[in-house]
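Position chain B relative to chain A; hints supplied.
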Amino acid sequence: MSVLIFLIPITLAIGLLALAAFLWTLKNKQYDDLEGASQRILFDDIDEKKNDERKKQK
Amino acid sequence: MKKQCLHCLLEVQNADDDFCCLGCKTAYKIINNLGFSSYYDLRQIDEKERKIRPKEDEEVDISEFVKIENNKKSITLMVQGLHCAACVWLIESILKKQKSVNLARVNLSQKTLTIIWEGEVAYGNHLAHLISQIGYKLLPFDVEILQKAEKKYDDKILRAMAVAGFGAGNIMLLSISLWFSDSLDMGPITHNLLQFFSCLIAIPVLLFSSRPFFSSAYRAIKAGYPNMDLPISLAIVLASAVSILQMLKNANHIYFDSVVMLIFFLLIGRYLDLKARKKAFEIASEFTLLSASFGRILLDEKIVTLPIKKIEKDMILLVAAGEKIAADGVVIEGESEVDNSMINGESLPQKLVKNSAVFAGTINITMPLKIRVSKAQDESLMAKILEFVQIALSKKNSYVRLADNLSKFYTPAIHILALLTFIFWFADGFEIALMNATAVLIITCPCALALAVPIVQTITISRFIKRGILIKSGEALEKISKIDIIIFDKTGSLTLGKPQLKAIKFLDGRELSAEQKNYYLQIAASLSARSRHIISRAISNSYMGNILLLDAKEERGFGLSAWFEGKELRLGKKDFCLIKNNFSAEILENNLLNCFLKIGDEELILLFEDKLKEDAFAVISALKKQNKKIILLSGDLENTTARIASNLKIDEFYFEKTPLEKAEFLQNLKVQNKKFIMVGDGINDAPSLALADVSISFSSASDIAQNIADIVICNEKLQPILQLKKDSQKSLQLMKQNLIIALIYNIVALPFAFLGHVTPLFAALAMSSSSLLVLFNSLRMSKSK
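Chains as they are written, first to last, in this note's numbering: chain A, 8 to 65; chain B, 11 to 795.
Just chain A, with the same shape it has in the complex:
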């Protein structure tokens, strides 16, 4: 049962880390534009595309 004295505080500490991370994302305004963020990962960068095409041609 003394295990509990270790385990519970450790669990809590990890949980607190997660909470701190969430609050940081809130402060960092990551929730301001949820729709845009979800779509943004699919964007192609035009310059990158051109570079890739040039590489293929070479």
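Derived by calculation from the structure, the hints in this document are not laboratory data. Virtual Cβ for every residue (Gly too), placed ideally from N, Cα, C. Warning: the hint list may mix true and false statements.
Covered stretches of chain B (in silico footprint by chain A; criterion: 3 or more residues with CB under 8 Å from a CB of chain A, positions within the stretch not fixed) [as the list claims (entries may be wrong)]:
{"hint": "1", "region": "95-109"}
{"hint": "2", "region": "166-177"}
Pairs of lysine-lysine, DSBU-like flavour, derived with a Cα cap of 35 Å [to be verified]:
{"hint": "3", "chain 1": "A", "residue 1": "K36", "chain 2": "B", "residue 2": "K121"}
{"hint": "4", "chain 1": "B", "residue 1": "K735", "chain 2": "B", "residue 2": "K634"}
{"hint": "5", "chain 1": "A", "residue 1": "K36", "chain 2": "B", "residue 2": "K634"}
{"hint": "6", "chain 1": "A", "residue 1": "K34", "chain 2": "B", "residue 2": "K107"}
To give an idea of the interface, some chain B residues facing chain A are shown, with a C-beta separation under 10 Å as derived from the structure [unchecked claim]:
{"hint": "7", "residue": "M88"}
{"hint": "8", "residue": "V116"}
{"hint": "9", "residue": "N180"}
{"hint": "10", "residue": "M182"}
{"hint": "11", "residue": "L203"}
{"hint": "12", "residue": "F207"}
The following block gives chain B in isolation, referenced to the frame of chain A:
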């Protein structure tokens, strides 16, 4: 199946064309030239959504709103016409490719665009114009005022919710052991340890996350009336105190989990409620956009440019053709035409002669004018309208919501019951009495009650959004089903708001064959192609074929002329077209809107009308069948208003009302304690919309009307009004059901609490199951048709 325009997907009339209009063609060209043709592959367009077609000629001056920091200029604009990620990509890519642009970022949720660049302030206009050419409407607004207040409160609730959620989850982990065994099974030390950790988590969480409730309850006490947050705050304090005591004594009943879970659910309800209540934008900055920023004043024989704030009474103001009039005044020299849509909602130009009154914000169309200013800026009609609107809006917030009504009797009832419990058990000892009283408070806690209304509102509002109806406040939903008087504006609300070509005729009475019609229309459209006059636009919109390339000369206010195949073409007023024919008045068919076309010797007349919306008659009849009273309030002339009223069979109608007169009429209704819905679209409806109990506007309306209105309909139909009534009734029903379910739960659980049988497990179960039940009941909203 008709061919679709390559750019905007609307129908293309002529099978040879790839585009529906010149605007789309230009946009397509720009997009391709910049190398972004993959936009067309990537985008997803909602078929039912209203599409914005690019306007080739609109120029907005946004330089006033540019912020300067170090060397960088930045601006945030509202964007209309964003429909998917491809738009975001397109706008950002185009802007990033321009010189000196440091940042171009679109916020898809808020529909705003932020640009940061180096260089001239005026460069911003160029960038904005580029985007509006592709088909997105851009509007500046003052970020600070709009966002600050809202965001701070949003964030607070979200933070409290996150912390409460963390606390609830972790405490419940520990609580499960505590629920199902006691100190005999697990040993007193372990038992106490678990309790201790629960307490350790709970206290900071409670201190942080219950602040919104405490501050609200405190405000309520100060104001002298109880609200729902009072029993909640009491319960939190008492339950925590009792639980701490229990922990210190290693006794059996701690309620930390229930309390933290309670707070968590309540915060969720509050957050949903907040999201359902999108606040109106800063109205004042919109009005600023409307007025001219500067005026040219004749001072001591010299022309000086002054900001409008410095223009005073009796100054002489010079207004060029096409310029916005900077102040209210009287014409002392010049004859012209003015766009008075602000005053009467009509966009057809009105004549100005000596001694005519003019108003700040209207546009002088034809000839330069000299005006003697009659009122300083803060006394102009525009300023008066703004003031009126702001006052009316602030008074609106006194509506007492359904949930608050309930709390008026619920709250004292709970307190009395808790007190009774305490007294009842006092004989058995202070602690037991306190514990049981606390149990009563917890069990009767309005957890499900707080969720009952916001959940239904959120679901209903999102259903409506999918259909193109924007509901900005949950309260509007509650109010709509109870109102019996509906007041309509005419132009733009009952009618489409723009003149459309009705007929084209020979002046000498001959009939036109289909080919001839097409030929003459083509000529007319070719002449009107670049003109901004409202009749020119109507002609351009009615002809979808190829237009001829003409070197058309526009004489503002009179007409357009060109030479073609050796003949002179003239389109415009009768005198300008040198019409020789004497035609009978009958040919006009009672139409005020018309223009003449002369090709060589052929003389024709084109008739226009502002058509009623397709379903106007059907909707009005349906509303009358439901016993609603319909009133038509218009700023337009008597005979046009009377005609529309008789077409739609509306018995009560008023005409030639100025914006403030409209508001007066509505105020009379208010004094008689009557409630009404106002449907309007123009700036001249702004005061009326602000006064109405529920206000409805359209996405084609002026931005001010859209911002003031509680509900914005995003298509050209009136049918949504009927849908709104139906659905709001259903949602009101569901809200009431939810409240009843929540109440029943509390009442059933009450005897158990009173008699001291409420264990922490029982309390937690009761709370979560009542919330779940309310949630499932609300989902019935999304299942109904």
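Results of checking the hints against the structure:
{"no.": "1", "hint": "95-109", "verdict": "holds (count 5)"}
{"no.": "2", "hint": "166-177", "verdict": "holds (count 5)"}
{"no.": "3", "hint": "A:K36 <-> B:K121", "verdict": "16 Å, holds"}
{"no.": "4", "hint": "B:K735 <-> B:K634", "verdict": "13 Å, holds"}
{"no.": "5", "hint": "A:K36 <-> B:K634", "verdict": "49 Å, violated"}
{"no.": "6", "hint": "A:K34 <-> B:K107", "verdict": "31 Å, holds"}
{"no.": "7", "hint": "M88", "verdict": "14 Å, violated"}
{"no.": "8", "hint": "V116", "verdict": "6 Å, holds"}
{"no.": "9", "hint": "N180", "verdict": "6 Å, holds"}
{"no.": "10", "hint": "M182", "verdict": "12 Å, violated"}
{"no.": "11", "hint": "L203", "verdict": "6 Å, holds"}
{"no.": "12", "hint": "F207", "verdict": "5 Å, holds"}
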